[in-house]
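**Q** With these hints in hand, go ahead and build the complete structure from the sequences.
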Amino acid sequence: MATPQNVPLPTPWWRHARMPSARAWAIGLPFAFLLVFFMLPFLMVLKISFAQSAMQVPPYTALLSYQDQQFSLQLSLESYITIVQDDIYFSAYASSLRVAFFTTVLCLLVGYPAALLMANASPGVRQLLLMGVVLPFWTSYLVRIYAWVGILKDQGLANQLLLWSGWSDEPLHLMQNTFGLYMGMVYSYLPYMILPLFGFLVKMDRSLPEAARDLGARPWEVFLTVTLPLSLPGISAGCLLVFIPSVGEYVIPELLGSPSDLMIGRVMWSDFFNSIAWPLAAAATCVMVALLLVPMAYFQRLQSRTGGIA
Amino acid sequence: MTGPQIPSMKSSMLGEDGFLQVQEVSKKFGNVTVVDKVSLSIRRQEFFALLGSSGCGKSTLLRIMAGLETPTSGRIILDGQDITDLPAHQRPVNMMFQSYALFPHMDVAANVGYGLRREGVARAQIRERVDEALALVQMGSYAASMPAQLSGGQQQRVALARSLVKRPKLLLLDEPMSALDKKIRQHTQFELGSILQKVGVTCLMVTHDQEEAMTMADRLAVMSEGVIVQMGTPESVYEAPNTRFSAEFIGSTNVFTGTLTAHAGDSLDCAELALPLQLPYALASARQGQPVTVSIRPERIRISQPPDAQATGRDAPTSNCARGVVEQIGYMGSYTLYYLRLPSGRVVMTHVPREVLAGFAQEPDYGDELALHWSVRSLVVLN
Numbered sequence: 001m002a003t004p005q006n007v008p009l010p011t012p013w014w015r016h017a018r019m020p021s022a023r024a025w026a027i028g029l030p031f032a033f034l035l036v037f038f039m040l041p042f043l044m045v046l047k048i049s050f051a052q053s054a055m056q057v058p059p060y061t062a063l064l065s066y067q068d069q070q071f072s073l074q075l076s077l078e079s080y081i082t083i084v085q086d087d088i089y090f091s092a093y094a095s096s097l098r099v100a101f102f103t104t105v106l107c108l109l110v111g112y113p114a115a116l117l118m119a120n121a122s123p124g125v126r127q128l129l130l131m132g133v134v135l136p137f138w139t140s141y142l143v144r145i146y147a148w149v150g151i152l153k154d155q156g157l158a159n160q161l162l163l164w165s166g167w168s169d170e171p172l173h174l175m176q177n178t179f180g181l182y183m184g185m186v187y188s189y190l191p192y193m194i195l196p197l198f199g200f201l202v203k204m205d206r207s208l209p210e211a212a213r214d215l216g217a218r219p220w221e222v223f224l225t226v227t228l229p230l231s232l233p234g235i236s237a238g239c240l241l242v243f244i245p246s247v248g249e250y251v252i253p254e255l256l257g258s259p260s261d262l263m264i265g266r267v268m269w270s271d272f273f274n275s276i277a278w279p280l281a282a283a284a285t286c287v288m289v290a291l292l293l294v295p296m297a298y299f300q301r302l303q304s305r306t307g308g309i310a
Numbered sequence: 001m002t003g004p005q006i007p008s009m010k011s012s013m014l015g016e017d018g019f020l021q022v023q024e025v026s027k028k029f030g031n032v033t034v035v036d037k038v039s040l041s042i043r044r045q046e047f048f049a050l051l052g053s054s055g056c057g058k059s060t061l062l063r064i065m066a067g068l069e070t071p072t073s074g075r076i077i078l079d080g081q082d083i084t085d086l087p088a089h090q091r092p093v094n095m096m097f098q099s100y101a102l103f104p105h106m107d108v109a110a111n112v113g114y115g116l117r118r119e120g121v122a123r124a125q126i127r128e129r130v131d132e133a134l135a136l137v138q139m140g141s142y143a144a145s146m147p148a149q150l151s152g153g154q155q156q157r158v159a160l161a162r163s164l165v166k167r168p169k170l171l172l173l174d175e176p177m178s179a180l181d182k183k184i185r186q187h188t189q190f191e192l193g194s195i196l197q198k199v200g201v202t203c204l205m206v207t208h209d210q211e212e213a214m215t216m217a218d219r220l221a222v223m224s225e226g227v228i229v230q231m232g233t234p235e236s237v238y239e240a241p242n243t244r245f246s247a248e249f250i251g252s253t254n255v256f257t258g259t260l261t262a263h264a265g266d267s268l269d270c271a272e273l274a275l276p277l278q279l280p281y282a283l284a285s286a287r288q289g290q291p292v293t294v295s296i297r298p299e300r301i302r303i304s305q306p307p308d309a310q311a312t313g314r315d316a317p318t319s320n321c322a323r324g325v326v327e328q329i330g331y332m333g334s335y336t337l338y339y340l341r342l343p344s345g346r347v348v349m350t351h352v353p354r355e356v357l358a359g360f361a362q363e364p365d366y367g368d369e370l371a372l373h374w375s376v377r378s379l380v381v382l383n
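Respectively, the protein sequence lines represent chains A and B. Just so we're aligned: 51 in the numbering used here is position 51 of the first sequence, and the numbers increase by one with no gaps anywhere. Just so we're aligned: 155 in the numbering used here is position 155 of the second sequence, and the numbers increase by one with no gaps anywhere.
Treat the hints with caution; some may be incorrect.
Said to hold, decoys possible - Have a look at the derived ranges for each label pair, beta carbon to beta carbon:
{"id": "1", "chain 1": "B", "residue 1": "Pro87", "chain 2": "A", "residue 2": "Ala290", "range": "47 to 55 Å"}
{"id": "2", "chain 1": "B", "residue 1": "Pro92", "chain 2": "A", "residue 2": "Ala290", "range": "53 to 61 Å"}
{"id": "3", "chain 1": "A", "residue 1": "Leu228", "chain 2": "B", "residue 2": "Pro87", "range": "18 to 26 Å"}
Stated by the list, open to error - Restricting the straight-line Cα-Cα distance to at most 20 Å, the calculated cross-link-like pairs of lysine to any residue (SDA-like) are:
{"id": "4", "chain 1": "B", "residue 1": "Lys28", "chain 2": "A", "residue 2": "Ala147"}
{"id": "5", "chain 1": "B", "residue 1": "Lys169", "chain 2": "B", "residue 2": "Val199"}
{"id": "6", "chain 1": "B", "residue 1": "Lys198", "chain 2": "B", "residue 2": "Glu128"}
{"id": "7", "chain 1": "A", "residue 1": "Lys203", "chain 2": "B", "residue 2": "Pro104"}
{"id": "8", "chain 1": "A", "residue 1": "Lys203", "chain 2": "B", "residue 2": "His105"}
{"id": "9", "chain 1": "A", "residue 1": "Lys203", "chain 2": "B", "residue 2": "Val199"}
{"id": "10", "chain 1": "A", "residue 1": "Lys203", "chain 2": "B", "residue 2": "Ser99"}
Note that these hints are calculated values from the structure, not bench results. Heads up, the beta-carbon is just placed ideally off N, CA and C, and yes, glycines get one too.
**A** Below, the structure is given as C-alpha cells:
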C-alpha cells in the first residue's frame, strides 16, 4: 500500500546548486580581493589620466557627458603629451629606474652572501638570523626611516661615533645625498632580497655542492658552476621584489635623498598635492606601471623557463 | 667470494694489502663521538663494505674518506700517500652519492665531464673520456638528456660514470641501491658489480642492507655505535658471528642464553630449553654458572615428526633438541619459514627447504607438534 510517506519528494533546487569547492574558494577569494582593491583603484587612476585639470571638486573634468541630446566621451591625451614633452618626467623616470637598478644590485651583493650564510648555518643559528631579517617588519616602515634620519643627520649617532672615535674631525654629510638615499633603500629592501634567496638556497640538495667538491671543484668553482646557477630563480624573484617597489619609492628619497634627485614618486606627489594636477599625476602613474610590466614579464618568462629545473 | 679481479692482471698486483689504511680515525660532533678509533686496511681492488644501521657512524666515516668531513683524530693513507689533510677537491677519491647528486642544470655529458673540466683536461679528450665512461655504463645514447628525464636506474649509472671518469684510486659508494625500487635492485647489484669488476677500482661501500653487502663485497665490517664490531668475508661473518649484534644484523638467527654446567665446560643449561645445549667445544677459562650466549641460524635447525611418546627409549637424544608447536608459516619459495613455540613459550625460527617438506607425509600445519634438532657444529658462541 503506497502511503504518502513512501513517495519520494523531488529534490529541492538548492540541493542541485553545488557549493564551490574549498579549492575554488582558496583561489577565488584572494583573486576577488585583488580585483576589487587593486584593479578598481587602478582603473580609476587610468580614467583620471585621460581627463583634464579643472578648478572644481574633484579637480578634473568628467570623461562622460550628456549635453544637447548627445552622449559624449572625451579622452584627453594632454597629460600624456605633457609627460612626453616635459623633460622633467623623462629624467625622473630615468633616475627612478637608475636608483631602482642600483638598489637591486646592492641588495643582491649584500643579500646573497647573507642568504648563503643563513642557509648553511646550523638550524638554531639559522632561526636566529631569519628572525633578524624579519624583525624590522615589526616596526612601521616610516618610523624606521625616521630612525635613519636620527642616525645619519649631521648631529646624528653615526657622526657622533665618527667624531668620538677620531675617524673624522668634522661631521660628515651622510644624508640628503646619494649615500643617504642608497643607505635607506638597501636597508629597507634587503629583506625582500634575502628571503626568497634563502628559501631557494636552504632547500637546495646539500649533496650537489658536495659532489662538485668531490669532483675536484675549488670552493669558488663550486659556487660559480653549481650554487649560483641553481639559485637563479631565487635571484630573479628577489630582484623583482626589490626592483618593482623601488621604482615608485617616495619616502626614502624624500627623507634621506638629495633634494635635487627627482624620482618619479616625488614628481607624482607634487603633481597631486602641490599643483593639484591630478590627470598629470595619474598619467605619470600609468606610464610607470607600463614601464614596470616590461621587466616583470621578462622575469616571469625566466621563472617559467628555469622553474622546471629548480 | 672471488675478488673483482681481471684475469690478465699479474697476481702480484692483486691483494696488495694496506692500499687504503684507516688508522684510529675518530670523529666527534660536540661531545658526541660518532666514529670511535676505527682502523681498517683495504687491499688494492678490493670491494669493502661498511655495514650498520643508521647512525652507526658508517656514513660519517665515508664522508671523512671523501674529505667532506675532517676527522677529529687519526690518519688516512691511500696508496702510500697521507691524504688526511688533503681537501676534498684534491683527493684521488670519488664518491657516488646516495641521492646520486646529478647536477640538474647540466645534461648527462656535462655531468660526467664536470670533474675533467675542473682538472683542465683538453676538450677533445674530455669528450672521448665521457663517451668511454657512458659506454661503460651503457648510457651512450643519453649524453644529451637532462637528469630529470632519466629513470632512477639510469641516473644511478650516470652517477657511476661520473665518479669513475676521473679514474679515482678509491671509489666511495653511499647506499648505492637505496634510491631504487626493490624489484630492480638485485639486477642492478649484479650490473654494478660487474662494471666495477671490469674497471678494477678499489671500492668502499656503505650500506644498511646486509644482503647488498654480502652479494657485492669481498670483505665487510659490521659497525655499531661508531666502532667496528666484526670484520671479515661475508661468509665468515655469517657463519661465525662474534657478537649478538653481528649475528642478528647479518641474516636472522635464534639466540639462546644459558649458564655453563659443571661438566667439561661444553654444556649449557638454558631456561628456555628442556634439554641442555651441547657446545661444539669447551670454553677456555670457563667457570660453572657463567652466562653464555649462542646463536643458531634458522636454516641449521631441522624438523621432523615427533616420535611417539612410547618410542622414546634409550635412543632419545639428550641435548640439542626440543619440541615445538607450529605457530606461523611463511612460504618463501625455495624454503618455508616456520615459527615454532616451545613449551617454555620461546619462539624459534626455522627455514625448512622444499625437499625436506616433501619427505613429510603431510606438510606440517598450524598447531602441529614437531621435533627440532640441530648439530653441535651449528652452534656459534657469541661474546
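**Q** With reference to the structure, classify each hint as holding or not holding.
**A** Checked hints:
Between B:Pro87 and A:Ala290 the CB atoms are about 52 Å apart, so this pair conforms to the stated range of 47 to 55 Å. In this structure the supplied range 53 to 61 Å holds for B:Pro92 paired with A:Ala290, their Cβ-Cβ distance being about 59 Å. The given range of 18 to 26 Å is respected by A:Leu228 and B:Pro87, whose C-beta atoms sit roughly 20 Å from each other. Restraint check for B:Lys28 and A:Ala147: not satisfied, since their Cα atoms lie roughly 46 Å apart, outside the 20 Å limit.
Restraint check for B:Lys169 and B:Val199: satisfied, since their Cα atoms lie roughly 11 Å apart, inside the 20 Å limit. Distance restraint check for B:Lys198 and B:Glu128: the Cα-Cα separation of roughly 19 Å lies within the 20 Å cut-off, and the hinted pair is therefore satisfied. Taking the CA atoms of A:Lys203 and B:Pro104, the gap is about 14 Å. The hint holds against a cut of 20 Å. At most 20 Å may separate the alpha-carbon atoms for a hinted pair to count; A:Lys203 and B:His105 meet this at roughly 16 Å.
For the proposed pair A:Lys203 and B:Val199, the alpha carbon gap of about 36 Å is over 20 Å, so the pair is violated. Proposed proximity of A:Lys203 and B:Ser99 is supported: the alpha carbons are some 14 Å apart, at most 20 Å.
Hint check: violations occur at hints 4 and 9; the rest are consistent with the structure.
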